[in-house]
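*Asks:* Dock chain H with the ligands against chain W, hints included.
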Amino acid sequence: MNLFNLVWLELLHRKARLVSGLMAIILGIAVIVGIRSVTIFSEKAVAVKLDNLGANILVLPQGASTDDYYTADIDAPTFPENYVERIVTSNLSGVDNLSPKLSRRVKIGNENFVLTGILPANEITAKPLWQTSGLMGAELKASCATATSENHPSELKDERLTRKVIDSLDALDCYVGFMAAKKLAAAEGGKINIENKEFNIVKILPETGTIDDGRIFAHLHTVQKLLGIENQISAIEIMGCCNAISEGLLSKMRNILPDTRITTIGQIVSTQLETNKMMNKISLIFLIIILLVGGISIGNYMAANVNERKREIGIYRMIGFSRSEIYSMLLLKAVILGFFGGILGCILGTLAGVILGPQLAGIAVQPIIILLPFSILSAIIISVLGSLVPAYLAAKIEPYSIMQEE
Amino acid sequence: MILQLQNITKQYCHRNGAVIKALSDVSASIEKGQFTAITGPSGSGKSTLLFMLGGLLRPSSGSIFFNGQPLHNAGDNALSEFRKNNVGYVMQNFSLVPYLIAEENVMVAVSLLQKDKKKQKEIARGLLAAVGLSDRMDHYPKELSSGQQQRVAIARALANNPSIILADEPTGNLDPLLASEILNLLKELNTERGITIIMVTHSPEAALYADKKILLKDGCVV
Ligand SMILES: Nc1ncnc2c1ncn2[C@@H]1O[C@H](COP(=O)(O)OP(=O)(O)OP(=O)(O)O)[C@@H](O)[C@H]1O
Ligand SMILES: [Mg+2]
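Top line first, the protein sequences correspond to chains W and H.
Quick note, the first sequence lines up with residues 1 to 406 if you use the numbering used here.
Quick note, the second sequence lines up with residues 1 to 222 if you use the numbering used here.
Some hints could be false.
[As the list claims (entries may be wrong)] Straight-line C-alpha distance at most 30 Å; calculated DSSO-like pairs for lysine-lysine:
id, chain 1, residue 1, chain 2, residue 2
1, H, Lys115, W, Lys396
2, W, Lys310, H, Lys121
3, W, Lys396, H, Lys84
4, H, Lys212, W, Lys310
5, W, Lys191, W, Lys225
6, H, Lys115, W, Lys15
7, W, Lys396, H, Lys187
8, W, Lys310, H, Lys117
9, W, Lys225, W, Lys197
10, W, Lys15, H, Lys187
11, W, Lys396, H, Lys117
12, H, Lys187, H, Lys217
13, W, Lys310, H, Lys84
14, H, Lys121, H, Lys187
[As the list claims (entries may be wrong)] Just so you have them, the derived chain W footprint on chain H, three or more residues with Cβ under 8 Å:
id, region
15, 48-62
16, 71-84
17, 99-105
Hints were generated in silico from the structure; no laboratory data involved.
Computed from a prediction, not measured in an experiment: that's the story for all the values here.
For each residue, glycine too, the CB sits at the ideal point set by N, CA and C.
Chain H on its own, in the form it takes in the complex:
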């Protein structure tokens, strides 16, 4: 068990004072090396749950453990450390830094753990080659297609050699062909490198790639 959630609730306090219950009493566990899909209708709390698993968000109540260590009461610096060392993120909207070329976008993530610039470059190039972008290293994000941008994001997610990759609708902005390319890439990382993958998705086809599904509805697991 790499990640464990116990009785998680999450409430957002909106600016207008309303309290929005995004998750209520969610318990789940994720095994090491598993490919998990989180599905459910829009607004059901999928992203909220994913951010919680990735140390971006703390629950209002309940506990989260990563390899037995508590995340729910970790401080901001501890969560940054956790993300830096263990988690890779792939988001729907590609989330690349516009003024950095593909290589530099990956290097930024590498630089958090590797200070030697030569090695940073080497690692970044290796990762981009692994996602099939050897010939686009010096392209800015706007000079890349959507599918290529998402590959750069995946290469960056691999920069810290993560044990978990969290993906929030990674194929949401892609056409079906590109989508299956990305899903295959994730599946490959899962089976060949043994990386635990948790993916939020709307699409039933995408969910087929997963070993396990968590279905959310109104903030509850069904």
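Isolated chain W, as found in the complex:
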């Protein structure tokens, strides 16, 4: 027999009350875990979307229209290609895959096409990857950091937004968009003449449903020479880490590149970031509410429990238990309640997230193991804090006054 045995026997003795006392903690932890699971997976989903897109920041010359991300660079004024170097040599972090572009309308036969000069992956300047940090609360930067040239496998691929990276491109090679190929009746392995230059058609791109279908992609430096605007570009596409963006990456870039216009793919990045911010805020508010409600209701349960056990505590004191032993006995009980409340709450919350996540948020949610120790720890803290006062009052119970009551 020791304090733990005593606490345990008492817990088992009053099971019904135990369940109601635990309920507040279980539900509280469940809500937090549920929200947290959904948020984490929604952040992952956003990151995957951005990955598929390849780029989410667009550097345009001052005065370019930014109504549509996909057409913003066409016929825009130009700026020097060495702006790419400026970004690379700066101390900015959270940018990658800087890809300069030059787009112009060209006529082939009687039809209008957009000729876009690009650099293949092997000529794109990369900045070193940034560090990632995981665990609770920290955003999942890991998936932002992907910068491999292969297209990223993912269930959440949004074809409309996908711009595949072209691995290598010779000076006279070109890729032809789906619609453009149709109009030109071009075939892979054939040749087309643009502005009096013969290009080899390496590939016909699959249909995307965007303006890209009407584009012809060729090597940037060839296009520059062909159009007579050497060392100039009309856009730089950049893959920026979404957290770096929310932490003010854009304004830092504006300082480096003064006469440009820098935007993000607004509707995607900002709305998703907003949602995530809101979810994080909600879970913080919930955390506070749960701290209060859970703490108070556990405290309430403990106070009732102490009141009910007055006599018994008087007996323990009578036979020689010290005040601190009574105090420990009740706090030990609070720890046990917190421990089991945390585990059950975590399981319940995870189930809720897994079941409701796809229905409410359209996101597949999987159990997150790291939430378990977090749940247990916070449930124990809530439970102990709520029990401090009742335990203190219990330790103050005087055995003689109890013995006189009958």
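*Replies:* Here is chain H with the ligands on its own, set in the frame of chain W:
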């Protein structure tokens, strides 16, 4: 002299502000191995005096010595220690813990001095056997008769091998037959083990078991 009281007074401050004088200027001494009965009308301060002797209550003024050591100014932890090491209690209302079986009720008291669980169990079983409850060890208090419950309480009082047993109307809730059983048990502990016993009682028959009587009236020894 195992316990000595000198000019003890005890006042309770009631919630309504009234000061109730439970004991006034009580002096007494109790010899080692004595069986003492404290008698007197209801409200005369018998329980108050007993709690004071057992280190549950401090006097408002006056001094109490246990084997020459002062209890009247001992701190709360020192009094807990004193109770743990030297005193066994038997109360009128049995005072067992409802969610522990007889064996565990005794074990709790044993566990304060003996940490080894096997030995705790052994000692508890031995004590229950000594009070004649070998066949009721795994019964909860509510599954025991009043007399059996009081025996468990006595077994628990013996857990620390006490030099004093304090009993507050131990037979108050029992019928005469059971009462004499319990009184015989206490008397046996007194004569065979030499345990000092102080018993509060209303009943003149019960008082006959004692070697010495302290009669209280309105908080004074008469
Ligand atoms: N906690 C308390 N607060 C205020 N007054 C008290 C308290 N305990 C006891 N008293 C008063 O002190 C006096 C002595 O009480 P005590 O319990 O010692 O009497 P008693 O002789 O044991 O009586 P009984 O035979 O009925 O048990 C009584 O008048 C009682 O009302
Ligand atoms: Mg009394």
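*Asks:* Please list, smallest to largest, the hint numbers that this structure does not respect.
*Replies:* 4, 7, 10
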